[in-house]
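With chain F fixed as given, assemble chains X, R and A onto it according to the hints.
4 protein chains.
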Amino acid sequence: MSNTFGTHFRLTTFGESHGAAIGGVVDGCPAGIVIDRQLLSDDMARRHAGNAATSRREPDEVELLSGIYEETTLGTPIAFLIRNSQARSDDYDQLKELCRPGHADYTYLQRYGRRDHRGGGRASARETAARVAGGALAKMMLRSTGISIQAQVAESPSPADHDSSGGIITCTIDHLPAGIGDPIFDKLNARLAAAMMSIPSAIGFEMGAGFEAARMPGSQYRDAWNSDFTTRTNHCGGIQGGISNGMPVVFRTAFHPVVTIDQPTECIDANGNLKTIIPGGRHDQCHLPRTVVIVEAMAALTLADFMARTNP
Amino acid sequence: MSNTFGTHFRLTTFGESHGAAIGGVVDGCPAGIVIDRQLLSDDMARRHAGNAATSRREPDEVELLSGIYEETTLGTPIAFLIRNSQARSDDYDQLKELCRPGHADYTYLQRYGRRDHRGGGRASARETAARVAGGALAKMMLRSTGISIQAQVAESPSPADHDSSGGIITCTIDHLPAGIGDPIFDKLNARLAAAMMSIPSAIGFEMGAGFEAARMPGSQYRDAWNSDFTTRTNHCGGIQGGISNGMPVVFRTAFHPVVTIDQPTECIDANGNLKTIIPGGRHDQCHLPRTVVIVEAMAALTLADFMARTNP
Amino acid sequence: MSNTFGTHFRLTTFGESHGAAIGGVVDGCPAGIVIDRQLLSDDMARRHAGNAATSRREPDEVELLSGIYEETTLGTPIAFLIRNSQARSDDYDQLKELCRPGHADYTYLQRYGRRDHRGGGRASARETAARVAGGALAKMMLRSTGISIQAQVAESPSPADHDSSGGIITCTIDHLPAGIGDPIFDKLNARLAAAMMSIPSAIGFEMGAGFEAARMPGSQYRDAWNSDFTTRTNHCGGIQGGISNGMPVVFRTAFHPVVTIDQPTECIDANGNLKTIIPGGRHDQCHLPRTVVIVEAMAALTLADFMARTNP
Amino acid sequence: MSNTFGTHFRLTTFGESHGAAIGGVVDGCPAGIVIDRQLLSDDMARRHAGNAATSRREPDEVELLSGIYEETTLGTPIAFLIRNSQARSDDYDQLKELCRPGHADYTYLQRYGRRDHRGGGRASARETAARVAGGALAKMMLRSTGISIQAQVAESPSPADHDSSGGIITCTIDHLPAGIGDPIFDKLNARLAAAMMSIPSAIGFEMGAGFEAARMPGSQYRDAWNSDFTTRTNHCGGIQGGISNGMPVVFRTAFHPVVTIDQPTECIDANGNLKTIIPGGRHDQCHLPRTVVIVEAMAALTLADFMARTNP
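Protein chains in written order, with our numbering: chain F, 354 to 665; chain X, 354 to 665; chain R, 354 to 665; chain A, 354 to 665.
One chain only, chain F, in its complex shape:
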């Protein structure tokens, strides 16, 4: 199920960084949702922006192929396509036999026995463009219910010269009604954690007070009731027993720094020989600004999946 996210509102993504195209299929979107092409292109632009160094000049136009009639969803699968127009795969020739540190080169080889080395192939961050497109469709569905999602960079050190940095992104979900989520294994917080940790370079996740909550006494931690069923604090981050309680859902995701940096880089070949290269290709110094919309997309897909369960 590795390329499919969700069980009711499902996004399947496809495509390699330097193949003909990337794209996806959204299945399970209810009929009657109005398509907002501006939202779609705005979110694609937010992912595209960020560090100028990596800007493939591709417009990343999303072609919607199916599931829509008169700008409204039919309830049938919505397929979309993003062409790869500027694939300069020569940049990657020196990597054909090498595995870089911090990358998934070695693990993909161990998993599949072969890989498309050009620009990371399927492991490229370019795959996240399909998540953003699918997330925009999820946002359109959620909007009709009043739910809104907003992420922002909470913390991100400046990258030093010829180095890179990571950071932390906070996400808040407002107007989510109480009673959304499932108990036991499909807790809303568990599904959000999986969604966030599936984003390239994610390395930590916490709800509400998070790791700090581990150091609080219970008398401080537990959120006291107001008589309107809101709580005076929100240490739990809006979820109890895996189910939303009507307060804002708040979580933070930590991202490790970009692993491609403008420095000599010691790679390894299949025989265990170490070889130092200077990386080519395109890469950010810090990817946090363009990751914000990906966090929102994965949160939207997670919630749309829960909401679609009651929406045949």
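Keep in mind that the hints were calculated from the coordinates and are not lab data.
Where hints are given, some of them may not hold.
Because identical chains share one entry, a pair is satisfied inside a single copy or across any pair of copies.
[Claimed, not checked] Quick list of in silico lysine to aspartate or glutamate cross-link-like pairs, DMTMM-like style, CA-CA up to 20 Å:
#	residue 1	residue 2
1	449	424
2	449	423
3	628	581
Frame of chain F; chains X, R and A shown alone:
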């Protein structure tokens, strides 16, 4: 799918805290695994121990009902049963109309419209006994491959008088071969995050250097190769691109403090009236010691699920 | 997924014919369904009756273990247990090394490398007792919507002396509203076909006019409209494009004859040696009468699964 | 899951008859399968041929978008696209408010509340082009194991003037090893039944001797062993207990006649008014010749799904 964990090696749990029994069904366990009843009872005892205050004197004996012939698995479903012998549900009468702070009382009511209020019903931590039993079966399967899992309390403040505490548990998976895990949405780290966040009171998760990695420059973060394909550091926690790299898999889970404490507790009824009660029932002051084996169980179930994909 | 039926209203069955118990877990049953223990025991009795020769004198009492509070479902998993009290496994000793003709002995060995030979083990028709219990729960859920299911033997030749027979069972679903089912791969008729063909000894399935429809001209086959949206004929069997049209859903399932007969039976051992035995154990001459309630159970489970999609 | 077939080797199809394109995504195809573009275009041509009356002159060229590098699969999703180049949707204007007899017009409206009426929209037989493309990829995977699939028309009456006909297609799977399939609910025969019954206009399915087996005595039905583990007859159609026994797998699928015919046709509008129209658009008098390759495709997808379970 809320009561089922996994897609290939699957555990389905059932049972309320004060019903006739709790238990589970493991489906997808390969044929030919030798049953180790000592491991099973040891792990059940590890979950049972901990704070004396909550010790239901039940032995938590696990009856294996199916899927085993001559102490070896048949490849068919393994059902198991744990009887609830000492249900004193009178303790909970005062809670029938009230929602406690920090508990899932209110969210279950919003989700289902009704609940079994006795001892938390399905939301009770008692459900984790079925996870531990299923996890022990997963460990038996993993043992044949050499994989071992070890968790321990990393940090846990002492609870103050009449108060409670949480803490952090570290888990290490040794001898996991490189190449286990899936890319994109089913990353091994994403699945581990979901597994951990599904444990009652889990509130944070991090791989390897975790939140600290968000503050490192890339030159420090990325783990340099040794010529034997190990790495000099293990900041990534043994997983790259969602797939294991052959190093130990290391992660930490934060747990918020126990929310039932020996203090007057302000609850809310269906009309929004606040009412102060003194909690009865049984509860720990700190649940970390008994949570260690639950962390191991969920890690074992996660890995068994990945390993079972290649083991028809 | 082999031991689980359904995606929303799901039955997982477990147990070998001569193990400690058989049983099942129903997950996804909505909260608020009233339990009808009479219906449950009646359906168990219908499966149990039939040919006296095979009557294990076991009462087949179903113990409900979880998911029910005050005789009403909680929305949590409903586990149930049927003890195997009269396992006379000596009857089967001569079969330990042999594969019988027409049975699944050889195919199970090829699939798993080992099997529980006693009474067919997991492949025993005894597994269908768990289907009937799960089906009774499905009927309780469907009853609240007015849907009713009725099967009967349509055709069944008399078995000759020392021989056996099969036959055909018709099933009719009344009061199913129009609009139930899914298009493309999850058509209601496709799901019913899979449900029926999963019953031991099922060998054919047809909707409405079935194989006869293959010989009709289109002008005769297509069901003409009445102005109240019923149709003048029901050749399609109440389903179009995979979705119910409001007419009765009608289908027939063919069952091959019982393959254990009171005659010398040529078996094969692992080396390809043929050896003639006289079968012991218990077996029917014709299993159609007791299969009727199994057909109803599988139809009920199929429909409950579709209905549960809109019933969180 | 309605638009996805399979759990390991999965085909998701998308597209409406008169939208921009139809297509699909195959996920779970192992790495290292060599692409045979001739097989793909041959199978597309087999579906396209048949009755000249319906030949949209579109070439139905399949564009492979991802998952392939140097004409070999990568183990990542294989997306493909078939453009709809000749959509003459004016032909369908008279149908916008009407439901035809024998079609899924009425049931789609009941299910979704809206539909794309042009050429049947998602319910169009055009959707099967994506199945044939996906099936060709499945055949490429199966070919490496030696498994071959062959279907043919067994019986098909000549359509009368201005009328239509259906018929029966036989399919044989050769060289399938013993031990493929699952017991209980995921029997190979149950999965094949669902696959076949999901094809537009399928109305009956039988394995081996099928409905005739219901009339045989057991002594005639049960297939006697040869000492090489083949059987002297093949009444069961090569499957026992849901698992292949090494004999050819043989099954037959009945298809009802085409429901669009060159005769005045009484349709119904939303208010229950009957109105007679003369059908426009394109349609076959008999669709059996072009259905043969669809039967093969669905059989190939079913088997590839079972084979992929042991092929990470």
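Now for the hints, and whether the structure bears them out:
no. : hint      : verdict
1   : 449 / 424 : between (44 Å within a copy, 17 Å between copies)
2   : 449 / 423 : between (47 Å within a copy, 14 Å between copies)
3   : 628 / 581 : between (64 Å within a copy, 14 Å between copies)
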